[in-house]
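Novice: Protein sequences, first through last, are from chains X and V. Numbering-wise (the UniProt record's numbering), the first sequence opens with residue 1 and increments by one. Numbering-wise (the UniProt record's numbering), the second sequence opens with residue 1 and increments by one.
Don't read these hints as lab results, they were simulated from the structure. Please note: incorrect hints may appear among the correct ones.
Computed footprint of chain X on chain V, listed as stretches where at least three residues anywhere in the stretch have a Cβ under 8 Å from a Cβ of chain X [said to hold, decoys possible]:
id: 1; segment: 50-63
id: 2; segment: 66-76
id: 3; segment: 200-213
id: 4; segment: 217-226
Footprint (simulated), chain V over chain X, 3 or more residues, beta carbon under 8 Å [claimed, not checked]:
id: 5; segment: 115-122
id: 6; segment: 376-386
All C-beta atoms in this analysis are idealised placements derived from N, C-alpha and C, irrespective of residue type, glycine included.
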Amino acid sequence: MAFETPRLKRPRPWAWDRWALAAVPLLFLAVVLVAPAVRLMVEGGSADLWAPWQDPYLRGRLLWSLAQAAMTCGLVLLIGLPMGWVLARLDFPGRSLLLRGLMLPFVVPTLVAAMGVLALMGPRGLLAQWGGPDLQGTPWLLLFGNLFFNLCVLVRAAVDALSQVSAARVAAARSLGATPWRAFWRVEWPAIAPWLASALCLVFLYCFSGFGLALVLGGQAYATAEVEIYTLVAHELQLGQASVLSVWMLLLTGAVALGYATVERRLATPARADGVLRRPARGVVLWSAVMATVGVWVLICAAPLIAIAHGAMFSGAYAWGVLREDDTLLALYNTVRFSLLALVLATVLGVAHALAARRVLWLRTLVFLPFIVSPVMVAFGLLLLYPEASGSFGVLVAAYALLAYPFVAKSVASRLDSLPAHYLEAARSLGASPWRCFWRVTLPLLAPALRRGMAFAAATAVGEFAVSLFLSRPEWATLTTLIYQHLGKPGAVNLGAAQVLACVLMGLALLAFVLIEWPGKEGDARA
Amino acid sequence: MPHGIFSFFKTTLGAALLTAGLTAANAADLRVLTHSSFTVPKPLLAQFEKDNGVKLRITKGGDAGEMLNKLILTKANPIADVVYGIDNAFAPKALAAGVLDTSTTAAAGRKPAAELPAPLVPVDYGYVTLNYDKAWFAKNGVAVPKTLDDLTQPAYAKLLVVQNPATSSPGYAFLLSTIGAMGEDKAFDFWAKLRANGLKVAKGWTEAYYTEFSQNGGKHPIVVSYATSPAAEVFYSKTKLSEPPTASLSLPGAVFRQVEGVALVKGGKQRPAAEKFVEFMRSPAVQTAMQTDMWMYPAEAGVAKADAFRFAPEPTAFNAPSDADIAAKGSDWVARWTKVVLK
Chain X
1 MAFETPRLKR PRPWAWDRWA LAAVPLLFLA VVLVAPAVRL MVEGGSADLW APWQDPYLRG
61 RLLWSLAQAA MTCGLVLLIG LPMGWVLARL DFPGRSLLLR GLMLPFVVPT LVAAMGVLAL
121 MGPRGLLAQW GGPDLQGTPW LLLFGNLFFN LCVLVRAAVD ALSQVSAARV AAARSLGATP
181 WRAFWRVEWP AIAPWLASAL CLVFLYCFSG FGLALVLGGQ AYATAEVEIY TLVAHELQLG
241 QASVLSVWML LLTGAVALGY ATVERRLATP ARADGVLRRP ARGVVLWSAV MATVGVWVLI
301 CAAPLIAIAH GAMFSGAYAW GVLREDDTLL ALYNTVRFSL LALVLATVLG VAHALAARRV
361 LWLRTLVFLP FIVSPVMVAF GLLLLYPEAS GSFGVLVAAY ALLAYPFVAK SVASRLDSLP
421 AHYLEAARSL GASPWRCFWR VTLPLLAPAL RRGMAFAAAT AVGEFAVSLF LSRPEWATLT
481 TLIYQHLGKP GAVNLGAAQV LACVLMGLAL LAFVLIEWPG KEGDARA
Chain V
1 MPHGIFSFFK TTLGAALLTA GLTAANAADL RVLTHSSFTV PKPLLAQFEK DNGVKLRITK
61 GGDAGEMLNK LILTKANPIA DVVYGIDNAF APKALAAGVL DTSTTAAAGR KPAAELPAPL
121 VPVDYGYVTL NYDKAWFAKN GVAVPKTLDD LTQPAYAKLL VVQNPATSSP GYAFLLSTIG
181 AMGEDKAFDF WAKLRANGLK VAKGWTEAYY TEFSQNGGKH PIVVSYATSP AAEVFYSKTK
241 LSEPPTASLS LPGAVFRQVE GVALVKGGKQ RPAAEKFVEF MRSPAVQTAM QTDMWMYPAE
301 AGVAKADAFR FAPEPTAFNA PSDADIAAKG SDWVARWTKV VLK
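With these hints in hand, go ahead and build the complete structure from the sequences.
Specialist: Next up, the structure:
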């Protein structure tokens, strides 16, 4: 880190305050994640570690899991980076709306999203109606689903990253005769690479350990290893086999997470105060770029949601009557209540983890643990380890927070890496105490990243369904569980009610986003 | 494994939960474990609480098989006092695992409309069977199949969607009916032919019915569902229908009679209240209400059937292997099915 030359003494990595900070998330992870998973593995007994690779069926599942995640990463980068460039460099009406709109897929429950995807590409979908192929039963459906859910992750990262690029360096390169392409490649790309790497890592982890989407869109033929673990634990009680498989998943994803944390640390640079200014989109070329971006957004992110909204609109008065039911109000109340509680807990855990993990590689890697460890292993482990707490409110909120807090931690950690050191130095040399420095300098600089992380966490909590893997209770029904409940019965009204509730859920998630991110105006990390 | 570490975490978590005042566990609660389809009207549940001076704590444990596995896994320290939703397909497994309290209750004395092995007390019953999309068959001019073997013929290629028996209780029930009718080896030959003929496998009922079944936008006009599903289609239709858009197709070998029951959990607490709950599930009020909530027929012999069931004729014949065979070979059959159909 050549240009990190702090005149202040660097914080010692393991001072007592660091330990105290780290203890909060570490204890939480140990209690609600590691101990339950280990307990379940112990219950499973010993099994041959190499068994999954010797069994052609399981090997196929593992390899397919890797392949679909890698393919999604490639597609997301190819499509998302140009979109990110347009959104970061050009000004046009509706730009910030589009930025927010990108987040919508993120909050749609898996089954509802899958229904949307099928409404587009299934046998009676729009694509088939326009004479295109019916993609059901092919791997394309799953890849499109992955793309739908993950495109926003990369685009947002690209927008943030491009806003950090130094305008002076780009201008210097241009005035020295570099073409825009060459300036991008030699100046902008190195600056944005760590951000993109971080986003791609998330995308990979999502796709690799994702399971609901693979089940519905991949069908049984394109199910991932995570699906196999779920089946082995929940339905076949083959804990030994499941443990071995999940150890392999842990090793593979852990390697990705570790590699990512290394890259991100090495590439981290303090942010530029002189970001490149956005210019108005003028001329045919720039306007076509804007239109293409909007077009891709409509095709990939909006179309499945429009298909659901369309379904809800034409589902008739009976289905809309669901909005007046007591159950719906209760579910709405629960969704808001659980999300808020989870958000508070996730924020505390996330900020503590991010602050403690500065310059500590293994701690940074641990942020990904909730994504890496199979939720079904954790859920059954919790049952086994704390039977008296099963179906208790504390476990429920802890589970929500567990799945939401990495977003906060990740976002804050990236921002910490790029904090300009001289602000702090100035404050310290003017006599501010470390605590005052944190409160008056660091925190305001972190605010946009914190809001970003919290918005993601809130959206995750609002659309969360993994909690049903834990024991759920009727009085704790959320909007997602209510949707699944309606989808559990035959009849047009039930399908319509599910679509109406899905629309409410999307609206709620969007509201959470707007409320949390609004003070940031443009919502990007340039404070 | 040193239990010291785990009890340390237990204490930590317990302390954290208590401090936060979040623990809902209360010694006076009657803990009821059910599958996720459990629906009993709230006023009835409130009345039960009032009459018996207990608070119900109902937890939904997922699909019937998943729920039973949770019960088996926590056998040493059970998470419920009474369990509802174990059916005759899973009863042998529950009995073999010894998770049920074997003492009998009052409701067990009355002769039900469908039997279950003791100590499970039958609550309701229904039929897992094929359903078909009437409009699809009319539009495509295909004759409705007459036997299960027809489904292996080219004319019926890629028309059937079933649930994976490893992850779905109707899927498991359907597999059992084919084995019960044909015997193990012939049944798996049949499944191999189905696979060759483009059988579609979905994870659970919801995926099969709402994404694969042609009635709801999928491309498979035959689906494994329940004999009462056509009645539910009328009940939950947007417009007033004079006849259902779907019909059940009770082919020989394709019908499994599912009897769901309630039982006390071994090692559970709140004995008197738990016994009252068993009785409650067989009370006329619950038996009447659950018909159009859970779409099952009442097990209490004297209770009238819901009007909606005029669209749900009961199949006259059904098949299943013996309880002993299900207990001994159930999981082997699922593993073999996975090999024959999926791998």
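Novice: Does each hint hold? Answer for all of them.
Specialist: To see whether the hints hold, each was checked on the structure:
1. 50-63: holds (count 7)
2. 66-76: Answer holds; 6 residues pass the 8 Å Cβ test.
3. 200-213: holds (count 10)
4. 217-226: Three-residue rule met by the segment 217-226 of chain V, so holds; n is 4.
5. 115-122: Three-residue rule met by the segment 115-122 of chain X, so holds; n is 4.
6. 376-386: Coverage by chain V holds for the segment 376-386 of chain X (5 residues, Cβ < 8 Å).
Taken one by one, the earlier hints all hold for this structure without exception.
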